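Spelled out from the first residue to the last, the chains are:
There are 2 protein chains.
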Amino acid sequence: MWATFFRRSFSTTPAASPVIYSHRSGAKQKKKGNASALKTPRGTRDFLDENAHRKSTIRTIEDVFKCYGGTELDTPVYELTDVLLGKYGGEANKLVYDLVENDGERCSLRYDLTVPFARYLAMNRVSKMRRYQIGKVYRREKPVMTKGRYCEFHQCDFDIAGVEEPMLPDAECLSIVDEVVKKLDLGSFTTRVNHRSLLEAVLLQCGVPVEAIQSVCCSIDKLDKEPWKKVSEELRLQNNIPSSVVSELERFITFEGENTDMIKLFREKVGGPQATASIQEMEVLFDYCNAFGVNVTFDPSLARGLDYYTGMIFETVLEDGACGSIAAGGRYDNLVHSLTSETRKPFSVPCVGLSIGIERIFSLLEQKKKNTKEAVADVFVASPQKSLLLERISVWKKLRDAGIKAQFERRNKSKFLDQLQFCEANDVKLAVIIGEQESKEGVLKLRNVATREETIVPEGSLIDEIQKRLVD
Amino acid sequence: MWATFFRRSFSTTPAASPVIYSHRSGAKQKKKGNASALKTPRGTRDFLDENAHRKSTIRTIEDVFKCYGGTELDTPVYELTDVLLGKYGGEANKLVYDLVENDGERCSLRYDLTVPFARYLAMNRVSKMRRYQIGKVYRREKPVMTKGRYCEFHQCDFDIAGVEEPMLPDAECLSIVDEVVKKLDLGSFTTRVNHRSLLEAVLLQCGVPVEAIQSVCCSIDKLDKEPWKKVSEELRLQNNIPSSVVSELERFITFEGENTDMIKLFREKVGGPQATASIQEMEVLFDYCNAFGVNVTFDPSLARGLDYYTGMIFETVLEDGACGSIAAGGRYDNLVHSLTSETRKPFSVPCVGLSIGIERIFSLLEQKKKNTKEAVADVFVASPQKSLLLERISVWKKLRDAGIKAQFERRNKSKFLDQLQFCEANDVKLAVIIGEQESKEGVLKLRNVATREETIVPEGSLIDEIQKRLVD
Numbered sequence: 001m002w003a004t005f006f007r008r009s010f011s012t013t014p015a016a017s018p019v020i021y022s023h024r025s026g027a028k029q030k031k032k033g034n035a036s037a038l039k040t041p042r043g044t045r046d047f048l049d050e051n052a053h054r055k056s057t058i059r060t061i062e063d064v065f066k067c068y069g070g071t072e073l074d075t076p077v078y079e080l081t082d083v084l085l086g087k088y089g090g091e092a093n094k095l096v097y098d099l100v101e102n103d104g105e106r107c108s109l110r111y112d113l114t115v116p117f118a119r120y121l122a123m124n125r126v127s128k129m130r131r132y133q134i135g136k137v138y139r140r141e142k143p144v145m146t147k148g149r150y151c152e153f154h155q156c157d158f159d160i161a162g163v164e165e166p167m168l169p170d171a172e173c174l175s176i177v178d179e180v181v182k183k184l185d186l187g188s189f190t191t192r193v194n195h196r197s198l199l200e201a202v203l204l205q206c207g208v209p210v211e212a213i214q215s216v217c218c219s220i221d222k223l224d225k226e227p228w229k230k231v232s233e234e235l236r237l238q239n240n241i242p243s244s245v246v247s248e249l250e251r252f253i254t255f256e257g258e259n260t261d262m263i264k265l266f267r268e269k270v271g272g273p274q275a276t277a278s279i280q281e282m283e284v285l286f287d288y289c290n291a292f293g294v295n296v297t298f299d300p301s302l303a304r305g306l307d308y309y310t311g312m313i314f315e316t317v318l319e320d321g322a323c324g325s326i327a328a329g330g331r332y333d334n335l336v337h338s339l340t341s342e343t344r345k346p347f348s349v350p351c352v353g354l355s356i357g358i359e360r361i362f363s364l365l366e367q368k369k370k371n372t373k374e375a376v377a378d379v380f381v382a383s384p385q386k387s388l389l390l391e392r393i394s395v396w397k398k399l400r401d402a403g404i405k406a407q408f409e410r411r412n413k414s415k416f417l418d419q420l421q422f423c424e425a426n427d428v429k430l431a432v433i434i435g436e437q438e439s440k441e442g443v444l445k446l447r448n449v450a451t452r453e454e455t456i457v458p459e460g461s462l463i464d465e466i467q468k469r470l471v472d
Numbered sequence: 001m002w003a004t005f006f007r008r009s010f011s012t013t014p015a016a017s018p019v020i021y022s023h024r025s026g027a028k029q030k031k032k033g034n035a036s037a038l039k040t041p042r043g044t045r046d047f048l049d050e051n052a053h054r055k056s057t058i059r060t061i062e063d064v065f066k067c068y069g070g071t072e073l074d075t076p077v078y079e080l081t082d083v084l085l086g087k088y089g090g091e092a093n094k095l096v097y098d099l100v101e102n103d104g105e106r107c108s109l110r111y112d113l114t115v116p117f118a119r120y121l122a123m124n125r126v127s128k129m130r131r132y133q134i135g136k137v138y139r140r141e142k143p144v145m146t147k148g149r150y151c152e153f154h155q156c157d158f159d160i161a162g163v164e165e166p167m168l169p170d171a172e173c174l175s176i177v178d179e180v181v182k183k184l185d186l187g188s189f190t191t192r193v194n195h196r197s198l199l200e201a202v203l204l205q206c207g208v209p210v211e212a213i214q215s216v217c218c219s220i221d222k223l224d225k226e227p228w229k230k231v232s233e234e235l236r237l238q239n240n241i242p243s244s245v246v247s248e249l250e251r252f253i254t255f256e257g258e259n260t261d262m263i264k265l266f267r268e269k270v271g272g273p274q275a276t277a278s279i280q281e282m283e284v285l286f287d288y289c290n291a292f293g294v295n296v297t298f299d300p301s302l303a304r305g306l307d308y309y310t311g312m313i314f315e316t317v318l319e320d321g322a323c324g325s326i327a328a329g330g331r332y333d334n335l336v337h338s339l340t341s342e343t344r345k346p347f348s349v350p351c352v353g354l355s356i357g358i359e360r361i362f363s364l365l366e367q368k369k370k371n372t373k374e375a376v377a378d379v380f381v382a383s384p385q386k387s388l389l390l391e392r393i394s395v396w397k398k399l400r401d402a403g404i405k406a407q408f409e410r411r412n413k414s415k416f417l418d419q420l421q422f423c424e425a426n427d428v429k430l431a432v433i434i435g436e437q438e439s440k441e442g443v444l445k446l447r448n449v450a451t452r453e454e455t456i457v458p459e460g461s462l463i464d465e466i467q468k469r470l471v472d
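Protein sequences, first through last, are from chains F and W. With this note's numbering, letter number 293 in the first sequence gets 293, and the count goes up by one each step, no holes. With this note's numbering, letter number 3 in the second sequence gets 3, and the count goes up by one each step, no holes.
If you're looking for bench data, these hints aren't it; they were derived computationally from the structure. Among the hints, a few may not be true.
Identical copies carry no separate label here, and so any pair may be met within one copy or between two of them.
As the list claims (entries may be wrong) - Pairs of lysine to aspartate or glutamate residues, derived as DMTMM-like cross-links and limited to a Cα-Cα distance of at most 25 Å, are as follows:
id : residue 1 : residue 2
1  : Lys368    : Asp74
2  : Lys147    : Asp74
3  : Lys39     : Asp98
4  : Lys225    : Asp401
5  : Lys415    : Glu165
6  : Lys136    : Glu152
7  : Lys405    : Glu164
Quick caveat: nothing in here was measured; it's all calculated off a predicted structure.
Let the sequences and hints guide you as you build the complete structure.
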């Protein structure tokens, strides 16, 4: 039933001003009328990583993933079409890119990283695993670049497969997101959690007919952007839910309070074994979150990603409201089984996972001007005369061999002043200056770029002298 | 003409015993008769990075690339089909994977990283750039897993675009490969270099008809695996080259000697402005190589990647002969222009580049057992009693917040001995032991895993004590 929801699709509110990754020249891609104009395919873009922020962000996330026991898995960019078919719900299934058939094999580009992970588990009959994966996924949507909606974009997932202490892996997922957002210093944020089974039980108890649950969830999910008044109207007019049921729903869905109050309300007011079990799971989850030092808010209106989810679901939103969710996830205990159910030996593994919206994070960091341009070099090998290029290379090579981060002037004829200005503009600490006269005498000049002091150094002690100065 | 050569295609000699990346359980993918069996698409595989060697290899390569001024560029996995068409030569063009057309846009998976780079330069009219890219490329070939031939595999490229000191960028490419192979400690290796224009001039001078140049190159290129006798037979019988021409060819192609001898021979024996200019370029190249401390061998039989190449070409081979080339590249001055020649404003940039066969390197490192399993943690939080899971998490959280690499026992009921054995088996340095009695008294036990010594530590000074011990 929960068919039109996508697992882990981030809400489409755009980041305040989406960053266009263009070349350093600042030249934007020109629109051209003719068919032979050069461009990237619709909805894709080039990423030029001039600044170190993309790589350092990913490194930070990977370090957290590893501390939670994660192993990296890299799956093919395309899967057999049969593996992907029917896993994403009606609308989403249409958004899968197909490859032209190859020797009778139907393949499609991956739509997310979750189904490939489930395929890996099912194919290798792996019953326990913590894996992370950072990779591109593909959606044949109408791209809206200004809203940050692309056909090719990154996902950054961590998933825990296997039977562990009940709700501990769920809490670990929340703890991972908490750590990542704090480590990346993205500002205040809220993590809202809910339970898919509980939500279903609540809707049924309030009198929502089984066949309307999906559309009611769709409406309820809008509560993070719209007031209850508007949502309740939609429920009455579009979903034909009787007013009595809507006001019954209001009691549960819009209830705000401490997590313990919520637990109490649900325990008192929602009956049946499904609800009871879910409520208990949420209690255990909150205990673990407490131990992990993670703040979460029980939000009974959260209804995301229902095609996969079977248990806890969550979404993390930055409080400045500039962009939608930056992380989301939940428990999906039946996906692996659904992949094997047609084979002779069905295989099942419970799973829970999370997805971090790294592209959104890149944009945010770029806006916050947190770009840390990597130092070009510690030492620059320069020369005032032309035709000393080979000498510059030899000296540079010695520095490289000694493990010193160095660059050299690559132009044969280059104004000396330009070379010194390059050093100053790029925060290079030392310049090694090779002159014709000095070269004959077996000495070099070492220049402190900041103070502009120059010292004559014998060639033989150059490395020692530089290493001493770089340490100071 | 040179149509059947692929740029930068590595020779297909397999690595001694190709490594299958399977799950840690060691379970291999089972062959199944039924169509619904789960598998990855033909010629693709999952990579599980249990060991740190893949990542650390890439990090080493990236560090070298950056020291040569490289900026990372990430392009889409697919390009407009028109961009790729006709760039790879007759046979290779058939190996491009097409996507099912999307709103009238014909796209294909990228076949290498060079044409996308040239497209980027042409599209943004970039006249100077040093970029590196590590990514997957796609070839619709018949996969031969045992020979390491896949449909999806990685390429690792560095390219220099723009006008610089003649032959300096070419020498830098050779120096990069030299540094990478030495840094990765892959054993002795040889880098053979040649010049595409010179080779063409030699063939014409020896009397090879223009229309036979392509097939003659094909035969000559086999000289690294077969003796001259066999190649000369092929030239006579298959290519219909007269015996007189073949023996004339032998003089040049099989000549062995110092690079300076080769230069001398070609200068004396091959005429015309094309040959003269190429020979001079090679001389300058050798001077730069000398300054960079890079050994190269002038090999007039090297004939690789001729579809793109316009100048210097090279190939690096490990001497133990276990696998084919692990790096290759060359100069391609016309590719960017060929992409823009149909638009109103043609644009041209000379380029030279290299490609490192990282997958081959991964296999080699795996065989050499150079896998450095990353330490699971420095500290493990254990407890002898069950039901202390929340306490373990709280202590672990404190360690994490202090930046200590820690893990905790995740099972509620776990044998204490198993926990201690885990620490010993995984080289964990310290174990924090939480006991019920100690917990009440506000103290913890700190165990040195190697010496098995245990000390009682007050909770408040745990972090200090651990940090002190980890430094020691």
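A quick look at each hint next to the structure:
no.	hint	in the structure
1	Lys368 x Asp74	between (31 Å within a copy, 23 Å between copies)
2	Lys147 x Asp74	between (29 Å within a copy, 21 Å between copies)
3	Lys39 x Asp98	both (21 Å within a copy, 17 Å between copies)
4	Lys225 x Asp401	neither (58 Å within a copy, 34 Å between copies)
5	Lys415 x Glu165	between (68 Å within a copy, 15 Å between copies)
6	Lys136 x Glu152	both (6 Å within a copy, 15 Å between copies)
7	Lys405 x Glu164	between (47 Å within a copy, 22 Å between copies)
Of the numbered hints given earlier, the model fails hint 4 alone.
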